[in-house]
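Chains as they are written, first to last, in this note's numbering: chain D, 216 to 357; chain C, -15 to 138.
One should not assume that every hint holds.
Covered stretches of chain C (in silico footprint by chain D; criterion: 3 or more residues with CB under 8 Å from a CB of chain D, positions within the stretch not fixed) [as the list claims (entries may be wrong)]:
(1) 0 to 6
(2) 22 to 32
(3) 75 to 86
(4) 124 to 130
As a list, the in silico EDC-like pairs of lysine to aspartate or glutamate whose alpha-carbon atoms are at most 20 Å apart [stated by the list, open to error]:
(5) LYS300/D / GLU327/D
(6) LYS273/D / GLU51/C
(7) LYS54/C / GLU15/C
(8) LYS273/D / ASP91/C
(9) LYS300/D / ASP338/D
(10) LYS273/D / GLU327/D
Bear in mind the hints are in silico, worked out from the structure with no lab data behind them.
These figures come from a predicted structure and were not determined experimentally.
Glycine included, each C-beta is placed from N, C-alpha and C at the ideal position.
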Amino acid sequence: MRVRRHKKDAGFVLIAMSVALVLLLAVMGMSFDFGRIYIARNEAQVFTDAASMAAAAKLDGTDAGLDRARQAVARLPMRWNLGTKSFTGVVVEFSPDKQSWARVTAPDNQVEITFLRAVGGPDVFTVPAHSVAAAKPVRLVE
Amino acid sequence: MKMSRDRRGHALLELAVSAAVMVSCLAGTVEFGYTFYIYNELVTAVGNGGRYAAMRTYRSAAPADIEKGKAAIRNMVVYGDARPAPGTLPQVANLSPEQVQVEWVTDDSGGPAAVNVAIGDYTVDAVFGIFRFTGRPAVEFPFVGRFAPAESEP
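Next up, chain D with everything else stripped away, as it sits in the complex (with noise of 0.2 Å):
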């Protein structure tokens, strides 16, 4: 004899399966977009200790050593998300004596959020980081 099935079951599959891919979504959101955000705080913050340790070596005391510092920064060719992106809006800034130390910020980095945006996360997310470097640094003496 052919049973039907019980009203009560039908579509209960489909829900589940709703709810499940929620979830999965969130999940799958964490492992890419985390990882991707993860990727590209820790590549900033390698660009700005390069580019304030860049910067911190041209001063000198004078406005022309500030130019020399922000070409330096300037010129560096590092790059973001996943080694694809350049960094834009970079700020540097420099000790009141002209010749201290260098703070560089990389302040723009908006890595495009994929999977948490389905399940009410944001669009991007912005990842900037800092750094400071002294004029006068500390060398190995290996």
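Knowing the structure of chain D, use the given hints to seat chain C on it.
Using the frame of chain D, we list chain C on its own:
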């Protein structure tokens, strides 16, 4: 109560469809998650190696000294140590010093101005897929160490 043949068929079909979706999502998550984890480790390793190269004494009495210096930088990227003890494991799975590129940028006087450190060719085996990184991650650090053109590497 036993399920009828019809119902069993339905359940099997539903399982097959949902399992296909779930397993492919899981595979993708593992694949990309692991690859991103490895890439992040590579960024950290290359950044640390670049900073070490920037602060290190640049000795260039002979071409062999420059090569010795590069080998120390490669070791720093891979092992976190310029002179690793035998048997030291790499910080990133399957990374070896030969996969790390170190290039000096020299200034007009022939001294070091900056150093480029990059991963030349690295393959991530992420169980469900394979990713290959060539020439990235890459960093450039300015040279701020001591320039010793007459000294030899110890």
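List of violated hint numbers, smallest to largest: Hints 3, 6, 7 and 10 contradicted; others consistent.
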